[in-house]
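Visitor: If you want the building blocks of each chain, they are given just below.
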Amino acid sequence: MHIADGILSPAVLSIGTCGAAAGTIYGICKLKYEQIPRAAFLASAFFVASLIHIPIGPSSAHLILNGLVGLILGSAAFPVILTGLTLQAFFFGFGGVTVLGINTFNMALPAMICCFLFRIPIKNSKSSAAVFALGFLTGAFSVLLSCLMVSFSLFFSDENFFTPVLLLSGAHIPVILIEGIITGFAAVFLKKAKPELFDNGF
Amino acid sequence: MKIRGIIIVLTTLLIVQQNLFAHKMKIFAANEGKLIKGYVYFSGGGRAQGLKVNVYDGRGEKIAELKTDSKGIFCFAPKAEDNYRFEACSGDGHRTAFKMENFSAPEKTKTDNAEKTATRNDKGFPDRKEFAALIGEEISRQLLPLKIQLAQYEDKMRFRDILGGIGYIIGIAGIYMYFLSLKKK
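In the order they appear, the protein sequences are chains A and B.
Final position of the first sequence in the working numbering is 202; the numbers increase by one with none missing.
Final position of the second sequence in the working numbering is 1185; the numbers increase by one with none missing.
To be clear, the hints were calculated from the coordinates, so they are not data collected in a lab.
In this text, all values refer to a predicted model and were calculated from it rather than measured experimentally.
Take these hints with a grain of salt, some might be off.
Unchecked claim - For lysine-lysine, the following DSS-like pairs were computed, each having C-alpha atoms within a straight-line distance of at most 25 Å:
| hint | chain 1 | residue 1 | chain 2 | residue 2 |
| --- | --- | --- | --- | --- |
| 1 | B | 1184 | A | 32 |
| 2 | B | 1183 | A | 32 |
| 3 | B | 1129 | B | 1099 |
| 4 | A | 30 | B | 1184 |
| 5 | B | 1062 | B | 1052 |
| 6 | B | 1067 | B | 1183 |
| 7 | B | 1183 | A | 30 |
| 8 | B | 1079 | B | 1147 |
| 9 | B | 1183 | B | 1099 |
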């Protein structure tokens, strides 16, 4: 999921950086004082989740948790994911510095879209099963969307990347399912323990 | 209640940390006699099979295109003493390179018997040059596993990196909260 340095074309890189910068500024402006500890906690979770590695065939994939970040934080997903990715790049060598923008954009935008799509339905649904289903969709859909965005970033940089793109999406099917289940359980728990979390729409 | 939950999650993560793996493609190469042998692998995971490895010379020109076998190993026979760069690109966004500076293949040990006897001195020992070549080849062969081990050791996910990262996040949050609280007053 983390694109490495030196693969993408300058055009794709600059679009990603601009998108990530805009999202981060917007997210920081919207982040309220009392939300900061929550954001920091999710940033830690996001940072560590990338180490949970699922071997698939010759390649490997890891958890991303952007659905959960988006569901809980909404627009603050951008600064949180940017923080997590920066630290991952420096500590673990995932991705790189020049691709920070596009990587943030590819993971945080799906998080925000999922928040936009699923937060209000989760707030309105009464049964735990419905909440779980919607949480599952949040987690699964955000990873799927990230995969597609990574694929497009690669595809627009070099058209030879089409076959690997299919591979990438295939490799992430287990991740999509696992993230769906994790986000589903988290949604059920949060709905019970802290229902006011879903109050503001976006 | 909430704090307890957080503590439980963190301790579980700390316990399973031993089984956590990095997700990063790496390439390693070392000279073995006249050849350069190397492999492409995922740190913590398996080897990358059937992957294209491009070889560049000191001027940055592509001189060869190799493919890794079922064990992720590639083999390259350099023609001259040069700086070589091996680069693997998996296509799904991973790319990795390994630089090998001043590769010099140990000189060919002479196999021709006639020549061999000719270069020997009166006591029947190989001459200086041949001796140096033999030693060089032997040392590079013996050092190979050590080099591999060293590269693997460097890749090990270090626990303090994880703690350091979490510490940074808490620090950033704290500093940001401090500045916001100044604004509030």
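Visitor: All hints are to be evaluated individually against the structure, with a verdict given for each.
Guide: Hints versus structure:
1. B:1184 / A:32: With a Cα-Cα distance of about 12 Å, the restraint between residue 1184 (chain B) and residue 32 (chain A) holds, given a limit of 25 Å.
2. B:1183 / A:32: holds (13 Å)
3. B:1129 / B:1099: With a Cα-Cα distance of about 28 Å, the restraint between residue 1129 (chain B) and residue 1099 (chain B) is violated, given a limit of 25 Å.
4. A:30 / B:1184: holds (16 Å)
5. B:1062 / B:1052: holds (13 Å)
6. B:1067 / B:1183: Violated. Residue 1067 (chain B) to residue 1183 (chain B) sits at ~59 Å, over the 25 Å cutoff.
7. B:1183 / A:30: Holds - the C-alpha atoms of residue 30 (chain A) and residue 1183 (chain B) are around 15 Å apart, at most 25 Å.
8. B:1079 / B:1147: holds (23 Å)
9. B:1183 / B:1099: Not satisfied, since the Cα-Cα distance of roughly 51 Å exceeds 25 Å.
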